[in-house]
Amino acid sequence: MICRTCGKDNQPNHRFCQECGSPLPVEGSPRPRAASETSRANVRGRLVLVRPDGSDGGSHPLNEGANLLGRGSGPLFDADSYLSPIHVRIEVGTGKNDGRCIVRDAGSLNGVFLKISEEELLHDGAHFRLGQELLRFETLRPARLLEDGTEVMGSPNPGYWGRISIVIGRHHDGSSFPLFGEAVVLGRERGDILFSEDGYVSGTHARVSNRNGQAFLQDLASSNGTFLKIQGERVITSGTYLLLGQQLFRVTLG
Amino acid sequence: MTLGLVCDACDTLSPLSATVCPVCNAQLGVSVPGRPAGGVAGGATTRPCPNCSNEVPREHRFCGVCGTRVEGGDVRTSWASAQNARARLILIKGEGQDGVAFPLGDGEHAAGRLEGGIMFPEDPLLSPRHATFFFRENKLYVRDDASRNGVFVRLRAPKMFGSGAILLAGEQLLRIDSCPPEEAPLPDAEGSYFYASPHRPSRMALVQLLVGGEVGLIYRSRTDLITIGREGNDVNFPEDPFISGRHAQIVAIEEGRFQITDLGSKNGTFEKVPMLAQLLPGDHVFLGQQLFRVEING
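From first to last, the protein sequence lines stand for chains A and B. All the letters of the first sequence, read from the start, carry residue numbers 1 to 254 under our numbering. All the letters of the second sequence, read from the start, carry residue numbers 1001 to 1298 under our numbering.
Just so you know, the hints here were simulated from the structure itself, not pulled from any lab data. Everything numeric in this text was worked out from a predicted model, so none of it was measured. Among the hints, a few may not be true.
Unchecked claim - Derived pair list, reagent style DMTMM-like, types lysine to aspartate or glutamate, alpha-carbon separation capped at 25 Å:
no., chain 1, residue 1, chain 2, residue 2
1, A, LYS229, A, GLU91
2, B, LYS1272, A, GLU151
3, A, LYS229, A, ASP56
4, B, LYS1272, A, ASP148
5, B, LYS1159, B, GLU1255
6, B, LYS1272, B, GLU1122
7, B, LYS1139, B, ASP1106
8, A, LYS8, A, ASP105
9, B, LYS1272, A, GLU147
10, A, LYS229, A, ASP198
11, A, LYS229, B, ASP1188
12, A, LYS8, A, GLU233
13, A, LYS229, B, GLU1190
14, A, LYS115, A, GLU197
15, A, LYS8, B, GLU1190
Model the full assembly from the supplied sequences, consistent with the hints where possible.
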C-alpha cells in the first residue's frame, strides 16, 4: 500500500503511514483528501494546469522527494477519467540535486507525455501525440526467409525503415504509414502524412527522420507542441510541459 | 557423316581415338556429362524430347526446355505427351510472350520449386511443393498445396469476397479486412479510460503486405468504396510500373462482404484462391513468379 502523500510503501493492514502519518485509504473506501497536503512545509515546486486557451489554471504543490499524482490527488485531477488513480511520479531533488526533477510513469494506463523541445530518439513502439492524434512508431524488421528456403512474397519494399500507425483503441490501429527516405513530415496541410481534420495539428507540425539506422522525432515549431510518451525515467527542468491524461501541465521549480 | 569426338569447350572435331583436344587441351570422351555433343558427332549422346523435340543429353532424365520426363515412364507423375494432353499451361514471361507449354492430362500435375513436373528451382517465391493441377469430371482445377505465398487467378468479372481476401494488383499484394464495429469504450479496472485518436467509423481497411512478410501501408476507408491505382485514387502506388492509372475498386456490400472489380487494368487483378479453384479456358494463373495462361482442349 503506497502512501499517496509521501510515496512510502506501507504494510497492507496499516491505517496510517509509518513515514508521514497520513491516513491510508482502506480498500474500497473513498480517499480522504486535503489534510495531508498542508502537513508538509517543504514545497519545492508546483505542477500548474495550463488551460486550453493557454492561461494558467490551478496548481498542485510538488514536495521535496517523491510526489505520486493521479486522479485521486485532488480537484485539479479528479474530473479527468483519462488519468489513472496514481498516474505519475515526480521526484524533486534537493541539496546537491537541487532543481533536478525526475519524472516517471507510475504505471498509468495512458502514459506520461513530455512536450519535446529538441530532437528526441524514437524507439520501436514509441508513442507520441500531435494535436488529438495518438501515434505509434515502429521500426520495420528485415525480410525473413522461411525454413524451407521459400521467400515471402509481397509488395516491393523501397527501403522502408519504419511505420507510423494511428492508435484508435487499446487494441486497434487505424491507418498506418510506412516511412521512406530521409524524413517524413506530419501536419494538417503540408507534409507526407496529413491529419487534415484535426484542428489542433499545425499546418506543418513535426518531422520523423532516419539517420544511421535510428529514428528521431522533432517538433517543427507547432502551435500546440509535440509530445513524446516517456519510457523509464526522464530528468526535466523547470518550465517543462507534461501531458497527463487529457490535461496539460507545466512543472515549475523553486 | 564423319564420326568423331567433339570438344565440349571449343567444338573442334577430333578422331574417336583422341583423348585430349588438339586445339584447347580439354579432356575428350563420350562419358563427360554436360553439353550435348552437337549433330556432327552422331546421335549417340542425345535423343529428342517427345514433347518439344529439344535434343536431351542421354544422362538427363527431364528435358531442360519443357520439363517433360524423357526416360522410362513413371505412372505416378502421369505425363501426357503433346498428343493426348487435355489442357496446357502456357508460361507467359514478362511482356506476355508465349513460352514453354506444360501439357496436362489425366492424373495430378504437381508444381513447385523442388517437386513436380512443373518445377522452377530458381524461383524463391515458390514453396518446394506449391500447387497441383488436375481434372475432375471434365473440369480443370488448381489446388494450393499449403504453399506459403499462394496461388492467384485473374479476376474475369466483379466478385464477392469475405474479410481477409488477398489480391494482387500490379506489384502490390493487398489484403482487405473488415473493421470491427464501434464498441463503446469501457474503463479499465481502476476506472480509467483509454485515450486514442478520434477516429471516424470505417467499414474496411486495405493492408499492403510487403515482401518478407511485414505490413506496409494500411488505409482505413471512411466510405464504402476504396479505389486503387497509380494516381488519383484513394490508395496510390505511383512507383509501381505494373499498376494501371485506375486499376481496381473494392466496395463494402454488407458486414464482412466486399465486391472487388477490376477497372479494365492492363495486367489484371488477381485473387488468391482459398484452397481450390476451377480454371476456365483463357484463365491466367500466377504462382511464385510464374504467370501461366490456361488452354483447355475441346
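- Query: Which earlier hints can't be squared with this structure?
  - Reply: none
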